[in-house]
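Could you put together the complete structure from these sequences and hints?
According to our numbering, the residues represented by the sequence shown are 1 to 143, in order.
Take the hints with a grain of salt, since some may be wrong.
Unchecked claim - Computed cross-link-like contacts, SDA-like style, restricted to lysine to any residue with a CA-CA straight-line distance of at most 25 Å:
| hint | residue 1 | residue 2 |
| --- | --- | --- |
| 1 | K49 | I78 |
| 2 | K49 | L96 |
| 3 | K49 | A29 |
| 4 | K49 | A120 |
| 5 | K49 | R123 |
| 6 | K49 | E88 |
| 7 | K49 | F95 |
| 8 | K49 | Q13 |
| 9 | K49 | F90 |
| 10 | K49 | C25 |
| 11 | K49 | D97 |
| 12 | K49 | T61 |
| 13 | K49 | M118 |
| 14 | K49 | H85 |
| 15 | K49 | A33 |
| 16 | K49 | D15 |
| 17 | K49 | E115 |
| 18 | K49 | R132 |
| 19 | K49 | H89 |
| 20 | K49 | D108 |
| 21 | K49 | H14 |
| 22 | K49 | G106 |
| 23 | K49 | E112 |
| 24 | K49 | W62 |
Stated by the list, open to error - Between beta-carbon pairs, the in silico distance windows are:
| hint | residue 1 | residue 2 | range |
| --- | --- | --- | --- |
| 25 | T124 | E26 | 22 to 32 Å |
| 26 | E88 | A23 | 14 to 24 Å |
| 27 | P128 | V76 | 16 to 26 Å |
| 28 | A23 | D69 | 29 to 39 Å |
| 29 | D101 | D69 | 16 to 26 Å |
| 30 | R98 | V5 | 17 to 27 Å |
| 31 | E60 | D134 | 17 to 27 Å |
Since the hints were made in silico from the structure, they are not lab data. Heads up, the beta-carbon is just placed ideally off N, CA and C, and yes, glycines get one too.
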Amino acid sequence: MDPSVARQRLLQQHDALRRQLRAACEVAARVRAGTAGAAELTGFVRALKAGFVEHNQLEETWLGPLLRDTDSYGEVRIARMLGEHVEEHFAFVSFLDRPADQVTAGLDDFAEEIEAHMDAEERTFLHPAVLRDDLVVADTTGG
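Printed below as a string of structure tokens:
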């Protein structure tokens, strides 16, 4: 797969995950207001968890080989990505395993952390200067 295609697909997944996060946060707000039940939020959280697991697996499958070939920092980027995914998965499961009232109360803060994680990925692993189809960069210094 071309790096630009993988990048585009992963960014589309980020957008979809952000929409899922916003929807879950909206339901959590309704649960806190007493206009929705915790069972409704449970369905959103379950779908969100499945989406993140699938996304992380695709990132690791696609980005491992692509990052390895980008430049001398490829292996460092891969190690960082894998380490962050382990931490993220632990945090995700730990948060979602809490009682429903705690998930409802903390979902907005949790969503903010996940969005910050995706923003950081987009500035690093998924940046167009890193994931590009042309691995040879022309000398732009004029000499």
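Do the hints match the structure? See the list:
Taking the CA atoms of K49 and I78, the gap is near 23 Å; set against the 25 Å cutoff, the hint holds. Distance hint between K49 and L96 is fulfilled; the C-alpha atoms sit about 8 Å from each other, no more than 25 Å. Note on K49 and A29: the hinted pairing holds, with a Cα-Cα distance of about 19 Å set against a maximum of 25 Å. Only pairs whose Cα atoms come within 25 Å are accepted, and K49 paired with A120 is accepted, the gap being roughly 20 Å.
The straight-line distance between the Cα atoms of K49 and R123 is roughly 23 Å, inside the 25 Å bound, and the hint therefore holds. A distance of roughly 11 Å separates the Cα atoms of K49 and E88; the hinted pair therefore holds under the 25 Å criterion. This hinted pair checks out: K49 and F95 have alpha carbons roughly 11 Å apart, not beyond 25 Å. Among the hinted pairs, K49 with Q13 is consistent with the structure: their alpha-carbon atoms are about 13 Å apart, no more than 25 Å.
Among the hinted pairs, K49 with F90 is consistent with the structure: their alpha-carbon atoms are about 12 Å apart, no more than 25 Å. Restraint check for K49 and C25: satisfied, since their Cα atoms lie roughly 14 Å apart, inside the 25 Å limit. For the given pair, K49 sits about 11 Å from D97 by alpha-carbon distance, which is consistent with the 25 Å threshold. Restraint check: the Cα-Cα separation between K49 and T61 comes to about 18 Å, which is no more than 25 Å; the hinted pair holds.
A C-alpha spacing of about 15 Å is found between K49 and M118, which places the hinted pair at or below 25 Å, so the restraint holds. Of the supplied pair hints, the one linking K49 and H85 holds, its CA atoms being roughly 13 Å apart against a limit of 25 Å. Only pairs whose Cα atoms come within 25 Å are accepted, and K49 paired with A33 is accepted, the gap being roughly 24 Å. The suggested pairing of K49 with D15 holds, with an alpha-carbon distance near 15 Å, which does not exceed 25 Å.
Proximity of K49 to E115 is assessed by CA-CA distance (about 14 Å); at most 25 Å being required, the pair is judged to hold. Between K49 and R132, the direct Cα distance comes to roughly 29 Å. Violation of the 25 Å bound is thereby established for this hinted pair. For the given pair, K49 sits about 9 Å from H89 by alpha-carbon distance, which is consistent with the 25 Å threshold. A hinted pair counts as satisfied when its Cα atoms are at most 25 Å apart, and K49 with D108 qualifies at roughly 15 Å.
For the suggested pair K49 and H14, the alpha carbons sit about 13 Å apart, so the restraint of at most 25 Å is met. Restraint check for K49 and G106: satisfied, since their Cα atoms lie roughly 15 Å apart, inside the 25 Å limit. Distance hint between K49 and E112 is fulfilled; the C-alpha atoms sit about 15 Å from each other, no more than 25 Å. For the hint linking K49 to W62, the alpha-carbon distance of about 20 Å falls within 25 Å, and the restraint holds.
For the pair T124 and E26, the supplied restraint of 22 to 32 Å holds, since their beta-carbon distance comes to about 29 Å. Distance hint check for E88 and A23: the Cβ-Cβ separation is about 20 Å, which falls inside the suggested range of 14 to 24 Å. Checked against the given bound of 16 to 26 Å, the beta carbons of P128 and V76, roughly 19 Å apart, stay inside it. Taking the beta carbon of each, A23 and D69 are about 37 Å apart, inside 29 to 39 Å as hinted.
For D101 and D69, the Cβ-Cβ distance of about 47 Å falls outside the hinted range of 16 to 26 Å, so the restraint is violated. R98 and V5 have their C-beta atoms about 38 Å apart, which leaves the hinted 17 to 27 Å range violated. Between E60 and D134 the beta carbon distance is about 24 Å. The supplied range of 17 to 27 Å therefore holds.
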